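Asks: Using the hints provided, position chain B relative to the given structure of chain A.
Each chain is listed here by its residues.
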Amino acid sequence: MRLLAVCGALGLGLSLLAWQGRYWGLRQEVDNDDAPFPPDGNEKTEFVFARLRYPSVRFAWGFRGNWATDYWKADRQFVQGVRRLTRIHVRSVEQVVDLDSDEIYNWPWIYAVEVGHWDLTDSQCRRLRDYLLRGGFLMVDDFHGTWEWENFMASLRRVFPDRPVVDIDDKDPIFHVLYDLDERFQVPGIQYWYSGRIYEKDGIEPRWRAVYDDKGRIMVAICHNMDLGDAWEWADHPRYPEHYASLAYRIGINYIIYAMTH
Amino acid sequence: MFEWLFKYPPAAFSKGQIVWLAPFPAAWLFAALIAAALAPAWMLRRRPGPPIDVGPRRRLALWALQAAFLALLLVMLWQPALSVPTLRPGQNIIAVLVDDSRSMGVAEGGATRLERARRLLDDDLLGALGTRFQVRLYAFDSSLARIESTAQLKAVGQATHLGEALRAVAAEASAAPVGAVVLLSDGGDTRGGVPHEVIEELRARRLPVHAVGFGRERYERDLELAAVEIPARVLRSSRVAATVRLRQSGLARSRVRITVEEDGKTLASREIVLSAPEQSETLLFSSGEPGPHRLRFSASPAEGEENVRNNQLVRLLSVEDSRPRILYVEGEPRWEFKFIRRAALEDPALELTSLLRTTENKLYRQEVRDPKELEEGFPAAAEELFAFRGLVIGSVEADYFTPAQRQLIHDFADRRGGGLLFLGGRRALAESGWNRSPTAELLPVTLPARKGTFHRDRARAALTRSGADSLLCRLVEPPEANVERWKSLPALADYQEVGEPKPGALVLATVETPEGRTLPLLITQSYGRGRTAVFATGGSWRWQMLQPLSDVTHETFWQQLLRWLVSGSPGPVSASTPQPVLMDESRVVLRAEVRDKAYRPASDARVEARIQGPGGIAESLPLRAREDEPGVYEGEWNAPQAGAYSAEIHARRGDEELGRDLVLFRREDGVAEDFRSLQDRELLERLAEATGGRYWRPEEAARLPREITYSEAGLSVREMRDLWDMPALFLLALALRSAEWLLRRRWGAI
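Chains as they are written, first to last, in the numbering used here: chain A, 1 to 262; chain B, 1001 to 1750.
Read the hints as simulated data drawn from the structure, not as lab findings.
Predicted, not measured: the structure shown is a model, and the values here were computed from it.
Where is the CB? At the ideal position from N, CA and C, for every residue including glycine.
Among the clues, some could well be false.
[Unchecked claim] Covered stretches of chain B, going by a simulated chain A footprint (3 or more residues, C-beta under 8 Å):
hint	stretch
1	1142-1152
2	1338-1347
3	1357-1367
4	1532-1545
The following block holds chain B by itself, in its conformation from the complex:
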């Protein structure tokens, strides 16, 4: 219909430009259009009444119709045409890329996706394209290969890398006149999409991708483990929260069991009810002993599920062997100090060093590593303070620290990425000038500008909604029982008013004062590279003394809070990989953020990854400094075979070792195609639209050879296509005149 009305397909209009072929300047058309608008107005005004007079509104309508008709005639007179880039027949190559991965072997409606693609090519496309262009046929999975006929397609590829295939075609286009790409695929890219730089390269070459999508866009009944998110590394014996994202169709209200296991041993499992097309569930489990852990997450098959191979995923978890150090500075002997220390000492994953002002001039140090450590009191050098990953400041006056030390405290969170916790107390926070200190900026609350904020009155704690969701405050399971548990805790010995939480801060717990006021108790926020928190009391020791000996609430809470404080604090070298589990692919990107002992980015380091893998693989890979990110180094490596790999990344500056870090990755073969097995139409549409092509359903693809002509890639010329004789214009002219005639008839003005 569109082509009948406008003579050419939409692609011609989207790629073409309107030009005027009449031998008059285009500016004259503008003048003529004004004249065409004025002429009927003058006529109507001069001859005030047709045989039967009409009112001003009807006269206006008549004027509009007449003016539009005249304008249309003028436009046609100026001979509009379409200047459109067109591929030269016989001189251009059309690259036809056929997805040859395993997911194309999925049978639907009596034929596999590949069989349908093959039929489309053999019956329609290849012949039609061949009459006007040279056609090159390619098969692709994780790489691209030229083939001679569709008989070579087998649908056995273990992975689909659309990006790699298109990158290769784009490279070929630099040496050959490739006019367009026809992509036949289900869009199930196992890397999750086409990289931005590949799309940019195709756009730069103006190479349109016409995507023909195969495969069902949704299953009738299927459940897929779409993603599992866990931290890459945790402390030993940590409670780990895994967020399991499930995608389902046709299985709403079904009950399934999600499980995490290691070496066949179940770590956690629970039954859930499927409710939405996509939903996230949390699984809690203990991280176990230090070392690498391969965790298998799975969902039990739902009744009548069509594809059960996508019900499991593997993730890697590195459990740290180190004991992160925390420095606790306390300004006066008090019970909170004693009981926090006792809780921390019970935790094998933490090392709490403390510095206590017992008298005006004496400090008592505990858990120092050598007799000289902290001998001079609170560190004055970044190197000394930044050796700790967490810092707790108790009931200490702000001016106990020098301005330089207060700057260090700021940099500890901001630059070093450490965790900083302020406790309530009679010398803490607003009581001793922290509200007037520049360090106040660090705090997740805006401290009151007055004293008298610390009260030695008992107050009960309660969780907020955020606290109920947070693992930091989880004393018992399930979460609902935890909320009740908090309500039943003994009252705190004291509380402190800490003002309003800042935007972005999270209030996890509150206290109810004897007067019935509700005040923030535990507030956290991210700050710079680190995190800060306020626990506005010095009286949680009552949770230990006022509860049965067997109760571990106090220890659990403090161990979790202290672990939270340090768990995100990086070392001087922080290694990572964006994709720790390589599903049917080999390329791994290793990344390291390198800092010196004062945690300033070290861009002049020598960084090397020592990779070890299955079968005795041992290789070194130098990482290159990124120019756009100071202190960041990257390198790419190909994992030659399936199995578990570790990369220890060393950073040196001259003879000085800046640090080292370990990153784990794993290559899994024969699994990627089990996921995303539905057609990813959205991906194909986005790809086609971004490159100037179009998404086609197989049944409409017969029209593709005609539309593909309009392309600026390859060897193309601009052709002029007349537009003045479009049927749409004549129909419009007829409609305008008919409308005027009908109106006049109706008004009796004829």
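Just chain A, with the same shape it has in the complex:
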């Protein structure tokens, strides 16, 4: 009996540790005081780069969480481009949002990175579905290969059990709303610098996919087998090729303007 109690307590403790581990990174990043805060960081603007914070499947003690990959530099560097290249009124600092409260509805555009590792709860799936059907827009990026795709789809299928994921046609307005993006190519992450390989894992072919609503408008824009986030983050690095960064900016800007017009 005593042995049983010890085993039970041990199991409970391990479960708690596992749960804590999933969110360790979240807390770490939210509390990250190292990020420099620009003077106009609190400006009230029309558009804010909203980064989705989500629970990951990967359990690792001390792992900071996949949602925060490239955080905060990619976000801030990208919105500088949005400011310079469009008339959108953009805040210089990102906003971290999650699906655990109705606050998400105040941010009609959200970006999620490394969604090959996300693991949404049922209530988060419900809220995300509701958010998207009300008119919200989700851009997902930086996940590669078959395993991550399947894991991404495991949560997405719970968000939209009956909506297919389809390849976006080249003629879709999302590729023409500001820049004509007929010539698209795979955008590698910073690993390209030391590996010389454009793809990661078995994600050789870049895929621009989407989930559409009943009126034919994209709700979820999926950038699979590419790493636009890294391209934004390392755009100022001399060893990161300019043409990758440039395409990443153009795709990101098109996606934002599409979300604000459709």
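Replies: This is chain B only, laid out in the frame that chain A set:
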């Protein structure tokens, strides 16, 4: 009494002139009157005291009485007389017009109105008039017909057109010495009155109309659907507000149900409590599918109601098949733009084309009809801009538009008659120079003369009293619940200070700022031929994102606002008829306002109405240009039988078609006399007074033959009637002397 005192009836005095028959000039009378005033004054002054002295005020009274008496004697001495036009006996015709419509068959107090009229004529009037004049007897309903005797009157006419009957008599008076008109009627004109031009014609001929009114002036217990007002045309699936005017007597506090139905299907119905003699109620219903709709409005009979046939009315509604176009110009990508577009796209009756500045030099066009449309940006030509019926200007700087384009925006509302909506935003209104632009004149508000008016702080919206009444802001029914619904809406993402509303503007909604200030949010006004509005926020998108998926508040509000924007915007040809439902009459007036593509009045167009009606009726009617109204064309046509008609009006200039429009009308027979079945005494009195005649109650009409003599129409002469021997003058003289005597007695001055 009047005649006993003054010798002649009031009509003689009203038509006559006072003249002086004494062989002295009238000016002498004036001098004599001054002398008559001075003489007693001199006498009283010279002889300071009667036997017992009186004070100055009493002396003044004595002087006044003596002077008045002397003045009266002088007036009589100068022989006043009345020069009055008088019909020559035996040489003039009196036209006696008897209302022969169905409403004269209403029985009251044991006899119908017609029986009473017949009795009055046969027993008194015809005989008395016949001794001095030739009498012509007419029956009239929708037209006038000569009859020989009152036995020919049947009270079966389907309509009463007083104007037509009097017009015919006036025409007859040009060829025959008609001295006066005696009209026996209940005044229930089914066209609602006598046209002004008919009254003017009677006045020009100095032909008095003596109206003898028959029928009760009010029912003890009756409810009548006095009028129903609905727009002639609406967009498909619109919410239509019908204003139902009810008139009742003796039924206060009764509950009745008012209903609108089409082909037996109830569209809307609600119970009301009758409170005032006249009251207006609103019925809301959906317009349904495109095409003509015949709507029957009714009120359920109230308990003990005497006449239930006047409880219903038919109205026509044309539901447009077209999708009016709206151009939305936005100066920056923003959420408001996205969600307005989404709301508009949900509406099958609207077509929202948008032009968005994504970068400094790039425009993104959506819902354009062809790849070339708006390729050069905001239209620079009136023809291009005026193809739209509504214009929305978002967060765009005023100087983004050229001066010529700003003039076009002005003309869009003023001349084209379009709807113009300005939205709030960080580049909108006072933030970017709209307050210094001549276009500021268009706005329903006086913009602040400063920047810093746009605030990205959340603010809650609320309806004003006008907004609570307005359908534009109606999100839910009933109106009280709607006011509460607005209070519970999520806060707007931002708001803008737009200054004070201009006189005539309507503030429908306000926002409460975080500091507790209340500012105008939605303001509308009419401008020129069109309308303008300001919605002082760019943050209503939160009504969509912050409410459950099933909630349609955001879509409903924007669809209603955009429909309001275009619903009154006319096309180049705008057809109408003043009376879409012809109740027991056939004459219809078709009117078209014709403009060219730049919406300037086109007075040189060829305008034709192609009319189709029941039984395969198909006719063309050319419309004539009115000289007093540029670009307006009119024509009259007679609908030969009951049923629904449509008139498609085409306007061409040379080979170019300027436009076309459809107008619906309907002839209903056998219904007009059910309405206005009480005596319309007011109408008869107005008619008599305007023509120099008099209104008579039947029991006083025996005196009519004597008074009718005084008329300037027909063959008349001016006769002199002495006035100096009026009993009233002698009585006055006696009264003056008696008063002096009594005063002197009282003061002991005798």
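Asks: Has the stretch 1338-1347 of chain B got at least three residues whose CB is nearer than 8 Å to a CB belonging to chain A?
Replies: With 5 residues closer than 8 Å to chain A, the stretch 1338-1347 of chain B meets the three-residue bar; holds.
Asks: Under 8 Å between beta-carbons, do enough residues of the stretch 1532-1545 of chain B, three at least, approach chain A for the coverage claim to hold?
Replies: With 5 residues close enough to chain A, the hint holds.
Asks: Per the coverage rule (Cβ-Cβ under 8 Å, at least three residues), is the stretch 1142-1152 of chain B covered by chain A?
Replies: It is violated, with 0 qualifying residues against the three required.
Asks: Is the listed coverage of the stretch 1357-1367 of chain B by chain A valid when you require three or more residues with a beta carbon under 8 Å from a beta carbon of that chain?
Replies: holds (count 7)
Of the numbered hints listed earlier, the single one contradicted by the structure is hint 1.
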